[in-house]
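Produce the complete structure using the sequences and hints provided.
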Amino acid sequence: MSSPLNFHLEHYNGPLDLLLDLIRKQEINIYDIPIAQITAQYLEYMQKALEMDTELSAEFIYMAATLIQIKSKTLLPRDPALQDLAPEEDPRTELVNQLLEHERFKSAAEMLHQKRVVEEAVWSNPQIEQFRAEDDGTPGLAVTLHDLVKTFQGVLERAKNRPVYEITNEDVSVPDMIRYVRAIFENESRHGVVSARELFERQRSRRAMICLFLALLELVKLQAVGLTQGDAFGEIGLKRLKGFDAAFSTETNLAAIEEGYQ
Amino acid sequence: MDEIDASQLTEERPVENLDAHLKAILEAIVYVTDEPLSAQQMAAALERPIDVVKRLLDELVEEFAAPGHGLSIREIAGGYKMATKAEHHEAVRAFVKKLTPPLKLSLAALETLAVIAYKQPVTTPEIMDIRGVQGASVLQTLLDRKLIAEAGRKTVVGKPILYKTTKEFLVQFGLKDLSELPTLKEFEELGRLSVSEPEPEPQAELPLETPDAPPAKNA
Amino acid sequence: MDEIDASQLTEERPVENLDAHLKAILEAIVYVTDEPLSAQQMAAALERPIDVVKRLLDELVEEFAAPGHGLSIREIAGGYKMATKAEHHEAVRAFVKKLTPPLKLSLAALETLAVIAYKQPVTTPEIMDIRGVQGASVLQTLLDRKLIAEAGRKTVVGKPILYKTTKEFLVQFGLKDLSELPTLKEFEELGRLSVSEPEPEPQAELPLETPDAPPAKNA
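Chains as they are written, first to last, in the working numbering: chain U, 31 to 292; chain E, 1296 to 1514; chain A, 1296 to 1514.
Please note: incorrect hints may appear among the correct ones.
[Unchecked claim] Each pair of labels, with its calculated beta carbon distance range:
id	chain 1	residue 1	chain 2	residue 2	range
1	A	Gln1415	U	Lys145	39 to 45 Å
2	U	Ser102	E	Asp1472	47 to 53 Å
3	U	Thr104	E	Asp1424	22 to 28 Å
To be clear, the hints were calculated from the coordinates, so they are not data collected in a lab. Ideal Cβ placement from N, Cα and C applies to all residues, glycine included.
Dropping the structure here:
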């Protein structure tokens, strides 16, 4: 039997989409859906999808259950006496309404799409910058509530991934700081450039800053880390060098350094 | 030609010259501004009567609509905005240096946007109900692109967040206001027609995305 | 001039509509380009005779020179460029100044504001802890814009100042009260639901306009 299905399964944005496609392709009257036929075709689709290892979301399975339920309702003989008292609603009605609603929004989506086509053929060239006074130039982002939540989430995410070194003021040593910098390059910025300023700003004591400074000098000497500067007077960045792994291959390097600072 | 000063025009069609002057300023303002400004905003800032400003703006819209003009002044998002006419897009495209990247929206995103546009303010569960799909990831895309925004909370159990479309939505889709959208009923009639006429003619390819789906594993 | 003679020689009767069309395109091109383009450049790109292009450009220059227009097309550096007329600059500048710009914040300010909104009342050290960055300068910006305010002092060592968001904050973000702020959980749910509906890779055309895309396979 020839299947009306479009076996580019993924074209379907959910079960309503699939059902609509079945109905429209076969020019079925949506107000009188042959439920047995449609159910069979729907299940055939699901079978094919399983064979093709396509993952079907839960709503596809839920729809299958709904279809089978409607089908069984239509098969059950009704009590004619009861039917006269309270005429039963066509069990398909709810599904049909859902399908029609879905179809309306599909058309609406297409309409929006067409509008975008027009807008993409139109250009505007505003010159407001020429007329903005120099002083009221507030560079920045025009922000929305969504930006606010998103930003907060980003801040928390960053905080979570930040290596936490609880260094009490007096205990911190140069090797501690070497391990600290190493952790940063291993976790936070494998290949990127780390701002030296930010690194220093994270330190909570003078001693920690001095140790960090000495640690950086040692690392540069070992060619584990390099310094970069974009332009004159620009920010100094730290970059992982080829010697990074070698420098940390043994603890002896650290031990030697530790000795040196005793 | 001498500049016309309002105080000098005591008689003899003073209105006409004043109007020409105001109209020129309005043209310059519409040209300069980057987002659609309403007649009210312009009238208030220029300290001129709203009805005069409105009439002159409408004259400008009409004048630029003539076929000899490649520019148009369009009413979008409750305001006026100058832009090139779509019909000249092929010739103009080559000269546009800073081509703004097209707003790429998936079919799912467009559908979700349509639901929000018509049902606003609307909650996530309501959107998912209509689309028959679980999943609200496209909401995040729409929020990121500022096409929709939060609109308070619905006073039902769980107090879900309500969403609405934004001014940016009107701008991006070239709509004067929401009432310019066809009614859902009109789509219903379209749907009915499609039973007898199932093949709408194919359209040109567009720089939009495929619906959210990986390519078929087996063809 | 020579060009005029040349154009008169080649002139034909039904050219008028064609001319109007070309003139419209030229107007649109002069509008979209920021650098002055010469008549030669436009003629070459549009594959039209230089003399016709030149004549139409001159017509445009003349038309916009009329007092009813606030825009002008000027010949600068051997090319044509659209701009507002100098006599209206004062009016346009005054107008632009009155426009209230949307709330704009630097990323640092937005981060700080977000932390205060969700953790209020909160102290400077706490804010810096969460952000992982030193520096309190953006607090002043937020205070100046009345988005945050002081909320007493925390009873810990040093008695640091506590900060909270203001009524202006609610107004700017369209919130009735703080309970309308989306929770982090709600925000994350938007992302998590995406598992069932991944956003597609950009590219490829939509199946929207090809409802019958690939033919159905025979089973």
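Hints versus structure:
no., hint, result
1, Gln1415/A <-> Lys145/U: 39 to 45 Å, "holds, 42 Å"
2, Ser102/U <-> Asp1472/E: 47 to 53 Å, "holds, 48 Å"
3, Thr104/U <-> Asp1424/E: 22 to 28 Å, "holds, 24 Å"
In summary, this structure violates none of the numbered hints.
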